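Here the protein sequences come in this chain order: A and B. Note that my numbering has the first sequence beginning at 1, numbered continuously upward. Note that my numbering has the second sequence beginning at 1, numbered continuously upward.
Simulated from the structure, these hints should not be mistaken for laboratory data. Possibly wrong hints are sitting among the right ones.
Said to hold, decoys possible - Only some residues are given here: those of chain B computed to face chain A with a beta carbon under 7 Å:
id, residue
1, ASN71
2, PHE124
3, ASP233
Stated by the list, open to error - The list that follows gives simulated cross-link-like pairs (lysine-lysine, DSS-like), each with its CA atoms no further than 30 Å apart:
id, chain 1, residue 1, chain 2, residue 2
4, B, LYS313, A, LYS97
5, B, LYS272, A, LYS174
6, B, LYS144, B, LYS174
Because the structure is a prediction, the values reported are computed rather than measured. All C-beta atoms in this analysis are idealised placements derived from N, C-alpha and C, irrespective of residue type, glycine included.
2 protein chains.
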Amino acid sequence: MVFKKEEYQQRVVRTKQLMQEKGIDLLIISHPANMNYLTGYDGWSFYVHQCVLVSLTQDEPVWIGRGMDANGAEITSFLAPENILQYADDYVHSLVKHPMNFVTDFIRQQGWDRMSIGVEMDQFYFTHRSYVELEKGLPNASFKDANALVNWVRVIKSDAEIEMMKRAGEIAVKVMETAYRTIRPGVRECDAAAEIVRAEYAGTVNFGGDYPAIVPLIMAGEATKTPHLTWSDKPFVRDEAVLLELAGAYKHYHAPIARTMFLGKEPPELMKDTAKVVIDGLRETLAMIRPGVTAESVEAAWRKAISHSTIVKESRLGYSIGVNYPPDWGEHTISIRPGDLTVLEPNMALHLIPGIWYEDVGFEIDASIYITETGYELFYDFPLETYLVK
Amino acid sequence: MVFKKEEYQQRVVRTKQLMQEKGIDLLIISHPANMNYLTGYDGWSFYVHQCVLVSLTQDEPVWIGRGMDANGAEITSFLAPENILQYADDYVHSLVKHPMNFVTDFIRQQGWDRMSIGVEMDQFYFTHRSYVELEKGLPNASFKDANALVNWVRVIKSDAEIEMMKRAGEIAVKVMETAYRTIRPGVRECDAAAEIVRAEYAGTVNFGGDYPAIVPLIMAGEATKTPHLTWSDKPFVRDEAVLLELAGAYKHYHAPIARTMFLGKEPPELMKDTAKVVIDGLRETLAMIRPGVTAESVEAAWRKAISHSTIVKESRLGYSIGVNYPPDWGEHTISIRPGDLTVLEPNMALHLIPGIWYEDVGFEIDASIYITETGYELFYDFPLETYLVK
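If we strip away everything but chain A, and leave its shape as in the complex, we get (with noise of 0.2 Å):
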C-alpha cells in the first residue's frame, strides 16, 4: 500500500461527509483514480466493468471485479478480504449478462436497494447500458449524478500526495533532460518517443517511475498547430519546432512538464515573439498565484498579462492534477478560466499549460505547482525558454 491504512480510511470518511450533504447512502465509483483513491487498488484491469461500493451503513468500501482480478485487489487495497468481491468471467463483454447484474445482485443482498444512489454520471469508465442495468435491477433505487464527487474529495491533496508529486517532479526533470538530449534532426520520431518513455518508467535511483495517464506528446512541424498527437517514424527535421508535452509519474501521482524545442539556430521572428509573450505572461501569472484567489482570477491575470499582444488564447489555461490512470491526469475539478469561482487552498495542485497553436505558429510551456500557506511551490524548476539545437 502506497499510504497508510488511516490516510484510506480518513478519504472515505471525508467521501461519506460529502455523500450526506448530497443525500446519496451508496456510492457506485468506477473511475479507476477514485477507486485506486478510496482503496489504493491499483492494476491496469479498468477495460472491464468494475467498481467500488461506499455506503453510509458501511465502514469499509466494497471492491467488485472479474474473478482474476480479486487477488490483485487483495495484494494492492487495504480493504479485508470479505470487501473483495468478483464476478465470474462469463459477464466479461458478454451479450446476454452484464457486470452491473452482479453488482444489483450483491446490492440487494445487502439490504442496500431502496437506497439512493449516487453514480459517476459523466466518467469513461461507467457507460450508458451500467446505467440502464443498475436501474432495471434496482427499481426501488433513486439515482444522483454523483459525477465528480470523489474527484472534488481529491482536490486538496494529503502532505503525504503532495510528496508523492514531488518526487513525480523529480522524474519529470529526468524525462525533459532525455528528451532535449535525444531530439535531434535525423532521428525517428518513435526513438526519442521511446527514451522519453523509458526515462518516464525508470524514474530516479531512489523512486521508481509509473506510467503517466497519457503517452509523450511530439508535435514536430507541421503537427505543432494541433497538441495531441503522439509520433510517427519520421525522423525529426532541421530548424523545425517541437512541441513536447510529457510527465513524471510517481505512484499514479503527476508532474506534467511541457516545453518547446527548435532544431536549429535561430528561431524564426514570431516563434521568438510567442515565446517571450508566452514565458512573461506565464511568470506574471504565477506572481499572483496564493490561497484566496479564484481558478478564473489566475486565468484573467493571464490574459491582461498577454494583452499587448496580438495572441488570443481560447482554451483554459489549467486544471487540477493529482493521482491519474489513462486516458487523462487531468483532475475534471478547477479548471482555470472565466466561470470557475473556485477559490484556491493550500495543497492544491495544478497544471498551467498556456500552449499556443496556431496554424504559423505552435508553442507550449507549463507550470505544474501546488498551493501553500502563503502562495505557490513549483514541482519542478526547469527553464521556460525554448531549448536550442544548434
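Starting from the known structure of chain A, arrange chain B on it as the hints suggest.
For chain B alone, kept in the frame of chain A given last:
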C-alpha cells in the same frame, strides 16, 4: 494516412450496410479505435468527448471534437475539411454545457433529428450523460444500441491490416527478447518496464513502434496469482517466477505476447507440470484452428486437451485483436469460450492466452494469430517454454 483513402471508404460502405440491416440511419461513434478505423483519425484526445458521425445520407463521415484537436484530424484523417467540426473549449469538463449539446445542434441543422440513431451504449468513451444529452437534444429521434457494430466490421482484416499486425509481431519479438535480457534478480521492476516499453516504442529499424493499448504487465513472486498488475520499484528476487504480458504495436495494430520467466535454475515441480500442460494444450488447440470452426469449438479443444490434468481455466481462452487504443487491445467481438458461435474466417485475428493465476502457481503463454484459407499463421514465432535465468 496509414491506409489508402479507398480502404477507409470501403470501411464506411461496409458500416453503412450493417446500419441498413439494423435499421440505423445515423451512427454516433465514440470508440477511439472505431473512429480511427472509419477516418484514420489518430490523436490522444479521447480524454474529452468526441465522435464520428456516419449518416446514410452522406458519403463521408463527420468528425466532431474539441477545437484544438481539429488540426490533428486534418493531419491524420482522410476527411475533407468541411467534415471536421470543432466545439469551443468551454464545453470541456463544464458544469453547464456538454459536448453532446454541440453534436445535437449539428444533427438538427443537418435535418437528421428524426432519424433512427445508433450509439455505442456499453463503450467506455460514451458516457451515460452523453446519452442523456443526446436524448434531450433530439426528442424526435429514436435511439438504438449499436455497441459493437463497427467492432464487428473490423473483425475481418484487410490484407493491409494483416501486414500492420505482422510488423507488430516483429516488434513483439524484440520486446520479449528485451524483457528476457533485462529481468534479473536485483534489477528494479520499474527499470525492466522502462527497457521493455522502450523496445515497444522504438520498434524495428524498418517499422517504428507505437504505444500498445495496455502498458507492460509484469507480475513477479506473489503477484503471479493475478494477471493485471503493472510494476513497482522493488527489485526482482532470485527463484521467483515472472509473468509478462506485453505487445508489439504498429500504427495501433497489436500483436500481444505473453511469456513466463523463472529467475533460477529449476522451477518448482508444480510450475513445471503446469507449464507442460498449458504448452501442450495450446499446441493441440492451435492444431485444429482453421476457417469453418467456431470460437467455442476452439475453447472446447483446449478444455479437452488439458482435461487429463488438474488445471481448470474458467476465464475465456482468448479474443479478437486488431487496431486499438487504451485501455484495451481486445476488440470486444469474438470471445473464445462456450456459447460464442462465431465461425472463423480468413483474416480474422485472435489472441489466445491460456493464463493460470492460482494462489500457488502462475503461468502465462499466448499465441497471436490470424486465420488463413487453410489454417492459421502466427504473427510471430517465439519459444513457449519458460525462460530460465540461471
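Hint by hint, here is what the structure shows:
Contact between ASN71 (chain B) and chain A, as hinted, is supported at the beta carbon level, the nearest pair being about 4 Å apart and thus within 7 Å. Look at PHE124 (chain B): its Cβ gets to within about 5 Å of chain A, closer than 7 Å, so that hint holds up. At a threshold of 7 Å, the smallest CB-CB gap from ASP233 (chain B) to chain A is about 3 Å, leaving the interface hint in force. A distance of roughly 20 Å separates the Cα atoms of LYS313 (chain B) and LYS97 (chain A); the hinted pair therefore holds under the 30 Å criterion.
With a CA separation close to 42 Å, the supplied pair LYS272 (chain B) and LYS174 (chain A) exceeds the 30 Å bound. With a CA separation close to 44 Å, the supplied pair LYS144 (chain B) and LYS174 (chain B) exceeds the 30 Å bound.
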